[in-house]
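Single-letter residue listing:
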Amino acid sequence: MKYLVLLSFLLTSTFVNAQGKLVFMYADASANTSNQALTTKLYDALQETDSRLLVYISNGANPVVSTSIYDMQNVVNALSTLKPPLPNVVFDVDSINRIFNAESSFDFSNLSSSKNNADDLFFFFFFDVNTCRLDKQIEKIAERILLSNRLISKNGLNANCKIRIYFNNVQSEIDKNYIRYIKEEKGYEVVEY
Amino acid sequence: MKLKYYFIVLLMCISSYSNAQIVPSDSTSRVINAHSLQLISQYEDAIQFNKKSNFDDFLKLFHAKNTLVFNDVMPHNKLQEKVTPTDYVQLIKKYYTDTSFVSVTIKPYEVGVVTFEGNDVANLSILAYKYVNSIARSGIYYTDTFNVRFDIIYDFDTQSYEIVNIASVDRRDSYMQVYPQYRGFLNKSNLKNDSIYVNGVMFPVNPLGYTQLKNVNLKSEFLFVPYHKDVMFKMYRVPDNIPFIKNKLDFKKDKNLVKINFWKWMVFVDFQYHFIPDGSSPIKTINDTLGVNTMNQGSFSNFIMLNITRRVSNKGYWSVKFGGGADVFNYQLNLASQHSKYLAVDPDGDTYLRTNKVFNIRETHNLVYATAPLTLQKGFTFGKNSVYIQAVYYLMLKYSSSYNMDANATYSGYYEELFGLTISENGVYDFGTYDFQLRGIPLLPKSMVSSYGIGIGYNRQLSRKAYFDFGLNYRTSNTYLFQEDPKRLSDSYLGLNSLTNLNHQLKVEYVNMNFGLSIKL
Numbered sequence: 001m002k003y004l005v006l007l008s009f010l011l012t013s014t015f016v017n018a019q020g021k022l023v024f025m026y027a028d029a030s031a032n033t034s035n036q037a038l039t040t041k042l043y044d045a046l047q048e049t050d051s052r053l054l055v056y057i058s059n060g061a062n063p064v065v066s067t068s069i070y071d072m073q074n075v076v077n078a079l080s081t082l083k084p085p086l087p088n089v090v091f092d093v094d095s096i097n098r099i100f101n102a103e104s105s106f107d108f109s110n111l112s113s114s115k116n117n118a119d120d121l122f123f124f125f126f127f128d129v130n131t132c133r134l135d136k137q138i139e140k141i142a143e144r145i146l147l148s149n150r151l152i153s154k155n156g157l158n159a160n161c162k163i164r165i166y167f168n169n170v171q172s173e174i175d176k177n178y179i180r181y182i183k184e185e186k187g188y189e190v191v192e193y
Numbered sequence: 001m002k003l004k005y006y007f008i009v010l011l012m013c014i015s016s017y018s019n020a021q022i023v024p025s026d027s028t029s030r031v032i033n034a035h036s037l038q039l040i041s042q043y044e045d046a047i048q049f050n051k052k053s054n055f056d057d058f059l060k061l062f063h064a065k066n067t068l069v070f071n072d073v074m075p076h077n078k079l080q081e082k083v084t085p086t087d088y089v090q091l092i093k094k095y096y097t098d099t100s101f102v103s104v105t106i107k108p109y110e111v112g113v114v115t116f117e118g119n120d121v122a123n124l125s126i127l128a129y130k131y132v133n134s135i136a137r138s139g140i141y142y143t144d145t146f147n148v149r150f151d152i153i154y155d156f157d158t159q160s161y162e163i164v165n166i167a168s169v170d171r172r173d174s175y176m177q178v179y180p181q182y183r184g185f186l187n188k189s190n191l192k193n194d195s196i197y198v199n200g201v202m203f204p205v206n207p208l209g210y211t212q213l214k215n216v217n218l219k220s221e222f223l224f225v226p227y228h229k230d231v232m233f234k235m236y237r238v239p240d241n242i243p244f245i246k247n248k249l250d251f252k253k254d255k256n257l258v259k260i261n262f263w264k265w266m267v268f269v270d271f272q273y274h275f276i277p278d279g280s281s282p283i284k285t286i287n288d289t290l291g292v293n294t295m296n297q298g299s300f301s302n303f304i305m306l307n308i309t310r311r312v313s314n315k316g317y318w319s320v321k322f323g324g325g326a327d328v329f330n331y332q333l334n335l336a337s338q339h340s341k342y343l344a345v346d347p348d349g350d351t352y353l354r355t356n357k358v359f360n361i362r363e364t365h366n367l368v369y370a371t372a373p374l375t376l377q378k379g380f381t382f383g384k385n386s387v388y389i390q391a392v393y394y395l396m397l398k399y400s401s402s403y404n405m406d407a408n409a410t411y412s413g414y415y416e417e418l419f420g421l422t423i424s425e426n427g428v429y430d431f432g433t434y435d436f437q438l439r440g441i442p443l444l445p446k447s448m449v450s451s452y453g454i455g456i457g458y459n460r461q462l463s464r465k466a467y468f469d470f471g472l473n474y475r476t477s478n479t480y481l482f483q484e485d486p487k488r489l490s491d492s493y494l495g496l497n498s499l500t501n502l503n504h505q506l507k508v509e510y511v512n513m514n515f516g517l518s519i520k521l
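Protein chains in written order, with our numbering: chain L, 1 to 193; chain E, 1 to 521.
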């Protein structure tokens, strides 16, 4: 059944959503008891891509990485057995940038700072809300990736970029206040799951 | 596709665990960027200074000992300076204790382009906001956001990232911690959780009773106004006119703290000198039929007064002043000549018509009054300057009075019964011509006289406590200075009477200039 869903998704994403969009996904699964919900949300997020993507599941020195929607099954399989530690921020950001260097799709040097539909970039981050708040993962991971790629400047986020934060385990009032802060102060799109 | 996946993982492992050398190229810029951002993060951790070991961690972040960094140690209040990291640490130790609350958050907002110097060195700059929230050793809160630029160098050989410069992007000026107070005669109260205006901009006063001003030029002038406009304060230059408090507050000691007193009432001691120009006269003769000409000869008044001032509006104040002093009226009465004829009896018992001619009369009065002025003044303040109008009542008590007189006199007698003989030669009775130079003759002024005046003036604040005052006053009285004592100017060569015996209707009336100095108590 899972393979049928995946197959149908791949067909849909390939022939319906091919709109020149590049997707980067980063996930911290360290706080998850099960990665089922994360897997589902990863597939949801894949709706945005035209097959050019990079999925990075933080897992210490052995991250799960995929650069193709056709390779997502490996990610799903890995997630089903994975129990990752807390992200090593330096390692993860460094690794991601090195992958960007190796992937021509992620060469942002010629990216226009003004809005250009051809250059839509989606950055999706999957965090546990509590861990994210305590470890400042948005600043230390998400924004650091964007800053190091000069996609954030004093004028704000590059007009062709879109950031969406997926938060897991949103329960307490503190969590909700934090999400409100992320939405209102930083202006990022937030999805709870 | 799997091959690609394994290739990437392999690449990462090689780069992470084999100290993969970064080579100069545009594609590696983002890796250098990321490591530089990590360096900023280390700086953020090390600068919290809540444990001593952080100082060493902090110093290791810098390229050299003589690296210059932006001096944002707020209590030190020299943001224009740059210091070495070691000096920076010393300043932190000086102004903060090990247990001081210091919260520093660095938020990078732009990463510059990496530039390469050959194959050895890469440089880049990172712009960031530095949010600092702290309580200094003095107990005073200091909080600010700095827009800073970190210049970072990457050495390809040592693979080390180091800070070579920290600079403020914005031009920063000084801090001033303002501690406002209401002051009454005997009491004072602070303005916790209230607000004040500083040069028209409102600032909230924190629960401890002070507010932190940022980017102030300490040589400029500030108008402090409480939000609740019971009183107004004048313009001040800081710190010339308002000293920075040093240990004046029992719970604080901070050189950046300035105490501003909003006085509901202000009390001054006024010293006033009134000057009457010689061309005018302090005295005016009423109903003068003789043609007396009056001329001032150095009249003046000196007063010391208690000045109680209350500011009542944005630009206005009322003052009541009372005190004591002296009016010294020195003036000369000039009369060309005065004749009098009357029937007289000579020593031999013969009746004759006597003629007394007094001419070239110069009578100089010296009147000294102990005077108590009562002044009501309405002022309008414009920064350090004020203009005012005032009304004054003077109660004058005679202290001393005398006159000098210089004149020539001719006495003659007409004897109708002696064939109309007129005798005017000296040697016959008291007839003849005489010169008079009388000195220190007592006058008969009234013992108490009232006068009143109106005036306009200009007032300028010289310092925190001193004000200079200049004005013009018109002063007059509706009572005469002298008692009525009708006498002829002269009856014989034995002496002359005062012109006031001919006309006692002399009153105070003049325009004077006044110069004053007010000292705030």
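There's no promise every hint is true.
What the hints assert, rightly or not - In the DSS-like style, the derived pairs of lysine-lysine whose C-alpha atoms are separated by at most 27 Å in a straight line are:
id, chain 1, residue 1, chain 2, residue 2
1, L, K176, L, K186
2, L, K136, E, K78
3, L, K154, E, K446
4, E, K507, E, K520
5, L, K186, E, K107
6, E, K60, L, K183
Unchecked claim - Here are the in silico distance ranges between beta carbons for each label pair:
id, chain 1, residue 1, chain 2, residue 2, range
7, E, Y109, L, G60, 26 to 32 Å
8, E, N147, L, K186, 16 to 22 Å
9, E, K214, L, E189, 44 to 50 Å
10, L, K176, E, K214, 29 to 35 Å
For the record, the hints were derived by calculation from the structure and aren't laboratory data.
As the structure is a prediction and not an experimental result, all values here were calculated from the model.
Idealized CB from N, CA, C, for every residue including glycine.
**Asked** Is it true that the CA of K154 of chain L sits at most 27 Å from the CA of K446 of chain E?
**Response** violated, 86 Å
**Asked** Has the hinted range 44 to 50 Å been met by the Cβ atoms of K214 of chain E and E189 of chain L?
**Response** violated, 35 Å
**Holds or violated: K60 of chain E to K183 of chain L, with C-alpha atoms at most 27 Å apart** = violated, 37 Å
**Request:** Quickly compare the C-alpha distance for K136 of chain L and K78 of chain E to 27 Å and report which way the hint goes.
**Result:** Status violated; Cα separation ~32 Å.
**Asked** Can the suggested window of 16 to 22 Å be confirmed for the beta-carbon pair N147 of chain E and K186 of chain L?
**Response** Roughly 19 Å apart at Cβ, these two residues keep to the hinted range, so it holds.
**Prompt:** Does the structure keep K176 of chain L and K186 of chain L at a Cα separation of 27 Å or less?
**Reply:** Holds, because 15 Å separates the two Cα atoms, which is no more than 27 Å.
**Asked** Hey, K186 of chain L versus K107 of chain E, does the alpha-carbon distance stay inside 27 Å?
**Response** holds, 12 Å
**Prompt:** Taken at face value, is the distance from the CA of K520 of chain E to the CA of K507 of chain E at most 27 Å?
**Reply:** violated, 35 Å
**Request:** Could you see if the CB distance from K176 of chain L to K214 of chain E stays within 29 to 35 Å?
**Result:** holds, 34 Å
**Asked** Between Y109 of chain E and G60 of chain L, does the C-beta distance stay in 26 to 32 Å?
**Response** holds, 30 Å
When each numbered hint is compared with the structure, violations occur for hints 2, 3, 4, 6 and 9.
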